[in-house]
Amino acid sequence: MLKKLTSTSAVAALSLSVLAAGVQAGETVDAVMEQGYVQCGVSTGLAGFSNATGGDWAGIDVDVCRAVAAAMFGDSEAVRYTGLTANQRFTALQSGEVDVLSRNTTWTLTRDTSLGLNFAGVTYYDGQGFMVRKDLGVTSATQLDGAAVCVEPGTTTELNLADYFRAQGMDFEPVVIENTSEVTAAFFAGRCDVYTTDASGLASARNVSAENPSDYVILPEIISKEPLGPAVRHGDDEWLDIVRWSLTALIEAEEFGITSENVDEMRDNSSNPGIQRLLGVTPGLGEALGLDEDWAYNIISQVGNYGEIYQTNVTDLLGLERGLNALWTDGGLMYANPVR
Amino acid sequence: MSPKHSKKSDVNPVVTLLYDKTFRSIMYQILVFGGVFFLGWYLVSNTMANLESQNIATGFGFLEREAAFGISESTIEYSPESNYGRALLVGILNTLKVASIGIFLATIFGTIIGIATVSKNWLLRFMGVAYIETFRNIPVLLQLIFWYAVINRGLPGVRQALNPVEGVFLSNRGLYIPVMADNPAWFWVAGGFVLGIIGALILRKWSLKRLEATGHIFPHLSVGLGIVFAVPLLVWLVFGAPMEINAPTLQGFNFRGGARMSPEFTALLLGLTLYTTTYIAEVVRSGIQSVPKGQSEAATSLGLRSSWIMRLIVLPQALRVIIPPLTNQYLNLTKNSSLAVAIGYPDLVSVSNTTMNQTGQAVEGVAIFMTVYLTISLSVSFFMNWYNKRMSLVER
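Those protein sequences? They're chains A and B, same order as listed.
So for the first sequence, the working numbering puts the first residue at 1; every next one is plus one.
So for the second sequence, the working numbering puts the first residue at 1001; every next one is plus one.
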């Protein structure tokens, strides 16, 4: 509860700290190296992506930060997490509160440009959906005229929602509440007829937060494209490279079939030149990134590959199949740029 | 080294200047002003440089762009097609709405409870004090969240809405009441109401003049009240007494028609009013107790009625003590309304937050809402200072 009350003042304070903090290009890597850990901005609690259960953060977004820490320090635990609401997140990144924002954040043109961010890649291809109570008898989003819709402020979701109802010529009453847990609580209490967010978020709310998941149904319509990925401040290319290629290494590892289980064996025995380059047997890539040669080895041995991360956090917990997030070789969109 | 007994002309003029009181005080003021100015200039230019180096957009051009997000309640026409400027205006008006109604209610309840705490009746006094001590000592944010949870979870869903009176529905979607259907007559009735108030004020002036001139008392209060209500009633009759009612009915997901008080607005108004009432009650109590007992005794011995004593002797003197701290409470209520963001009422801060996030222009957004709050607070302050001056002791 207290987290929420500080959100306004935090935004104000953070924006004021933009005044003083002279964040300069190229210095993030040095600063992170010096402080010895990665400052990672995550959500205030979204199961599957970033959720603190029992004091430990877990989720696909959390694992991206752990991968960056593993690449830089050889220690995936060298991360400090900051839970941010949708409204706080960009200011927190801009002002230097966090070094990387890995918070189920959609990559859009405006954010990439006028918000002064750079996106390092896509960790999860998502789309916005709607969830309703089953007893309403609604089967399609086109029947939602006049509904009260719970939504988080400052999200692409909020904008897509307005666009969708406008395009369909329908009315809605937005109930805009900051903080994921509060907005889902309002929905479960019946304040809204509909809860809208990314489909993964709906699954997270239904499977993890709801008392009785079978009381709710997720409607078939997916009304938007939501490529979620980690973002860094604009103007620090070296740092952007490290985050981008740490993420790529996760996917590349899955493409090569390297897992946290067999990574040692692969390093010692594989004769595949691609694997040898990735795992640092053939040196060069680490140096190019300004890291140790075993950067990717550390990522895979400590965090796992993309498929492993997805399995633990998304499939097992939320019951979502790979879908768009399967490797390109399996008909999905996950495609690692050449690591060479 | 200057000689021991120097003549005036030998003294170094710079030293004389340094010992000159006027010169020094001017010098200090220039230094302080320069320092503040330089600091401000440094902050602004540094901010601009930082924002530019991070490629973050600046300026107020975004106010003209389409907002593209929805706002749940608005006193003016608003849709996602409207621009950011209008969205912020909606936020400002929502803030003013909850603040003004809150101030009005808190003043009335505060006065009643304040008088109750100095009452001779033990039960009344006890209840007043118990209320004050309970609500004053719980942080207002927790109260807001509490009331919001009570409304959301305590009230039935929209299909099982409570229906205490025909046409009135209470559910966790808010309170729906029937209102008079749109008719041009209502505009003129409102005009009649304003006219009635002006008439009553003129009557009051006239009756006071007559009282001073002749000593005859005219019951301007009851007659004035009569005028205030009679004029709009007359207008209503002239327009053919329209009786058509716009009643809320359940349609699809929600009620349509009628007037509505949303759960967010209700929770916010309830929380702010109950909290501020406690402070106003204390202010009123201290004001009444500050008037010496001799004043009312003297009035009694002059033969004044007890209701007159309160109105003409005690209250005017108490008001001088009450008004300055009352101003503080009005300002507090207005500023506390920004906690609305916690429960989803679209006030200025809530709308600004969304705007800042969608445009990324936090500095401009914060600047706007700081300016607006400052303006509202200063206006309340100016008005109350004017009222205070009017009420203060006229010394002859």
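There may be inaccurate statements among the hints.
[Claimed, not checked] Have a look at the derived ranges for each label pair, beta carbon to beta carbon:
{"id": "1", "chain 1": "A", "residue 1": "Gly290", "chain 2": "B", "residue 2": "Met1048", "range": "38 to 44 Å"}
{"id": "2", "chain 1": "A", "residue 1": "Asp330", "chain 2": "B", "residue 2": "Ile1101", "range": "58 to 64 Å"}
{"id": "3", "chain 1": "A", "residue 1": "Arg166", "chain 2": "B", "residue 2": "Met1048", "range": "32 to 38 Å"}
{"id": "4", "chain 1": "A", "residue 1": "Met170", "chain 2": "B", "residue 2": "Thr1058", "range": "34 to 40 Å"}
{"id": "5", "chain 1": "A", "residue 1": "Gly290", "chain 2": "B", "residue 2": "Thr1058", "range": "29 to 35 Å"}
{"id": "6", "chain 1": "B", "residue 1": "Val1036", "chain 2": "A", "residue 2": "Thr108", "range": "56 to 62 Å"}
{"id": "7", "chain 1": "B", "residue 1": "Thr1075", "chain 2": "A", "residue 2": "Ser181", "range": "26 to 32 Å"}
{"id": "8", "chain 1": "B", "residue 1": "Met1048", "chain 2": "A", "residue 2": "Thr110", "range": "16 to 22 Å"}
Note that these hints are calculated values from the structure, not bench results.
C-beta atoms are modelled at their ideal positions from N, C-alpha and C, and glycine is treated no differently.
Do the hints match the structure? See the list:
For Gly290 of chain A and Met1048 of chain B, the Cβ-Cβ distance of about 31 Å falls outside the hinted range of 38 to 44 Å, so the restraint is violated. Checking the proposed 58 to 64 Å range against Asp330 of chain A and Ile1101 of chain B shows it holds: the Cβ atoms sit about 59 Å from each other. In this structure the hint that Arg166 of chain A and Met1048 of chain B lie 32 to 38 Å apart at CB holds, the actual value being about 36 Å. Here the CB-CB span from Met170 of chain A to Thr1058 of chain B is close to 37 Å, well matched to the stated 34 to 40 Å.
In this structure the hint that Gly290 of chain A and Thr1058 of chain B lie 29 to 35 Å apart at CB holds, the actual value being about 32 Å. Between Val1036 of chain B and Thr108 of chain A the beta carbon distance is about 41 Å. The supplied range of 56 to 62 Å is therefore violated. A hinted range of 26 to 32 Å holds for the C-beta pair Thr1075 of chain B and Ser181 of chain A, which are about 31 Å apart. Evaluation of the 16 to 22 Å hint for Met1048 of chain B and Thr110 of chain A yields a pass: the beta carbon distance comes to about 21 Å.
Figure legend: structure checked against the earlier numbered hints; hints not met, in rising order: 1 and 6.
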